[in-house]
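Trainee: Those protein sequence lines, which keep their order, are chains B and E.
One rule links them: number in the working numbering = place in the first sequence (from 1) + 22.
One rule links them: number in the working numbering = place in the second sequence (from 1) + 22.
Just so you know, these hints were derived from the structure itself, not from any lab.
Just so it is clear, the structure is predicted and the values come from calculations on it, not from any experiment.
Check the hints yourself; a few may be wrong.
Derived DEER-like restraints, expressed as beta-carbon distance ranges [what the hints assert, rightly or not]:
no.: 1; chain 1: B; residue 1: R121; chain 2: E; residue 2: P155; range: 30 to 36 Å
no.: 2; chain 1: B; residue 1: E255; chain 2: E; residue 2: A137; range: 17 to 23 Å
no.: 3; chain 1: B; residue 1: E125; chain 2: E; residue 2: T258; range: 30 to 36 Å
no.: 4; chain 1: E; residue 1: G132; chain 2: B; residue 2: A71; range: 56 to 62 Å
no.: 5; chain 1: E; residue 1: N232; chain 2: B; residue 2: P72; range: 36 to 42 Å
no.: 6; chain 1: B; residue 1: E255; chain 2: E; residue 2: N136; range: 16 to 22 Å
no.: 7; chain 1: B; residue 1: H70; chain 2: E; residue 2: T198; range: 17 to 23 Å
no.: 8; chain 1: B; residue 1: L199; chain 2: E; residue 2: V116; range: 24 to 30 Å
no.: 9; chain 1: B; residue 1: P72; chain 2: E; residue 2: A259; range: 40 to 46 Å
no.: 10; chain 1: B; residue 1: R203; chain 2: E; residue 2: A244; range: 45 to 51 Å
no.: 11; chain 1: B; residue 1: A259; chain 2: E; residue 2: G236; range: 49 to 55 Å
no.: 12; chain 1: B; residue 1: A247; chain 2: E; residue 2: L199; range: 56 to 62 Å
no.: 13; chain 1: B; residue 1: A71; chain 2: E; residue 2: G190; range: 25 to 31 Å
Even for Gly, the Cβ is constructed at its ideal location relative to N, Cα and C.
There are 2 protein chains.
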Amino acid sequence: MPNPTAAMLVIGDEILSGRTRDSNMYYLAGALTRHGIDLKEARVVSDHAPSIVAAVRALSDAYDHVFTSGGIGPTHDDITADCIAEAFGAHIDVRADARALLEAHYARTGTELNAARLRMARIPDGAALIENPVSTAPGFTIANVHVMAGVPAVFEAMVASVLPTLTGGAPLISETLRVDRPEGEIAAPLGDLAARYPDLSIGCYPFLQNGRPGANVVIRGAEAAQVSAAMAELVTAVGK
Amino acid sequence: MPNPTAAMLVIGDEILSGRTRDSNMYYLAGALTRHGIDLKEARVVSDHAPSIVAAVRALSDAYDHVFTSGGIGPTHDDITADCIAEAFGAHIDVRADARALLEAHYARTGTELNAARLRMARIPDGAALIENPVSTAPGFTIANVHVMAGVPAVFEAMVASVLPTLTGGAPLISETLRVDRPEGEIAAPLGDLAARYPDLSIGCYPFLQNGRPGANVVIRGAEAAQVSAAMAELVTAVGK
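Pulled out of the complex, with its shape left as it was, chain B reads as follows (with noise of 0.2 Å):
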C-alpha cells in the first residue's frame, strides 16, 4: 500500500518578504519521512484571506494530509483560523474547551486574559485541538488539515502532539554516496541505474565546494535489500 501523502501551507509575509527564513518546512519534511507519510508539495502564501481559503482548498483535495504553519496568534494579522474555518464553511467563534485552557493558563501566570488573547480560542465547530504543551494556545485539526503556530518552537511542540495520531506507512530507506566528481560524469551510468531500479528513487544533488563540483546520489527506497543492493551496483559503477 502507498504511503499516505500530505502537503505543507506556510502563512505569512515575513517569510515571502525575505524577512525571516522559514525553518518549519525543513522539520517538517524530516518528522514526516520518518513517519511514513510523505510530503509531495508545499506553498507559501502571504497574509491575505482569499489566498490561504484557496490554497487550503486546493490541497486539501489532492492530499491524504494538510499541515499549516502561521497566524494563528492573538493580533490582527493573525487570520488562520477564520481562513481555514471559511475553507470547510465551518461555524467559528470562541469555543469553550480552548477558552479553559487559555483561562488556566493565564490565571496559572497571572496575566490578564485580554480581548486579543481571547482570539486564540477562536476554534472552528468540529475541529479537534492540538496540544501546545509550549504556550498553551491550541492548534487544531479539521477534516485533514492540522493546522499549527508558526514560532518554530511551538510548531514543533504541535508536530509532536499530532504525528503519532496519524497512520505512517513504511519510512523510507534511504543511501547516499558522496561522489567528488561533476554530475555530468556520472550521469550515464546514474540513468541507466534508475531505468534498472524503476521502484527506486534516485536523485543526484550537485554541489560546488571550494569551487570543486561534486554530487550527492540518494537512493530512496521502500525495501532495505534493494536499496543496498542498487547502491553496490552504483558504487561499482562510479567509485567512492
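Given the coordinates of chain B, work out where chain E should sit on it, guided by the hints.
Mentor: What follows is chain E alone, placed relative to chain B:
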C-alpha cells in the same frame, strides 16, 4: 502603480524529503523585495513531470513573473527544461547557442562534452538564455518564467543576471520594532494602528528567546514618511 508580482517554484525531491534545507527561496525573497517586485507565493514540488507542468501553468497565469530553481542539470532526474517546454507547448531540443557555450567551456577545461552534459543545452524554442558565470550551463526565460539552477551559488548568480533586466517598482520601506513583551499585550494597539494606516502592512512576528516571549513588529509601505509616522505612534503606544 502597484509593484510587479512574482511567484517562486522550487523543484526537487531533496527539499520535500527533508534532506536539504532550501535557501534559494530566502535569497530570492530578499532580492525581489529590494528590486521592488512583490513575491506573492512560493511552491515546492517534487521531480514529477505532471506536478511541475501544472504548477508552472498556474503560477505563470497568476503572476507577472515566475522564478524556478532546480532540475536543469545533466542527470536523469533533471526534467525541468522539458516540463517548462511542455507547459508552454514549445518545441525543445539541444539548441545551437547553448551548445556553443558548453563546447567552449568544456574545451577550455579539457573535459568531454558527453551526452549527459549536452542535455544542459536543451532549451525551448523562443527562450532567451540566462547567463551562468559560475558553471556556464545556462538558465533561460520563456514567456514570464525564469528557469534557474538549484545549486545556491549558481542560482544566485543567475538571479543577478536576470533581475537587472526586469522592471521593478518602488522598493518597500520597512521599519522594525523589537518588543520584549508577549504579543497578546500589544495586540490591541497594533490592531488600532493597522486600522488607521490601511496603506501600510503591519505584521507582528512573535518569538521565544530563552523561554521568554517577544515580538518583532514590522511596518512596511511605499512611503518612508508614512512608515516613520506609524512607527513613532507604535513606539508611543507600546514602548520600546
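Trainee: Work down the list of hints and note, for each, if the structure agrees.
Mentor: Okay, the hints, checked on the actual structure:
| no. | hint | in the structure |
| --- | --- | --- |
| 1 | B:R121 / E:P155: 30 to 36 Å | 58 Å, violated |
| 2 | B:E255 / E:A137: 17 to 23 Å | 20 Å, holds |
| 3 | B:E125 / E:T258: 30 to 36 Å | 31 Å, holds |
| 4 | E:G132 / B:A71: 56 to 62 Å | 58 Å, holds |
| 5 | E:N232 / B:P72: 36 to 42 Å | 38 Å, holds |
| 6 | B:E255 / E:N136: 16 to 22 Å | 20 Å, holds |
| 7 | B:H70 / E:T198: 17 to 23 Å | 21 Å, holds |
| 8 | B:L199 / E:V116: 24 to 30 Å | 29 Å, holds |
| 9 | B:P72 / E:A259: 40 to 46 Å | 30 Å, violated |
| 10 | B:R203 / E:A244: 45 to 51 Å | 50 Å, holds |
| 11 | B:A259 / E:G236: 49 to 55 Å | 54 Å, holds |
| 12 | B:A247 / E:L199: 56 to 62 Å | 58 Å, holds |
| 13 | B:A71 / E:G190: 25 to 31 Å | 27 Å, holds |
Consistency note: the structure conflicts with the earlier hints numbered 1 and 9.
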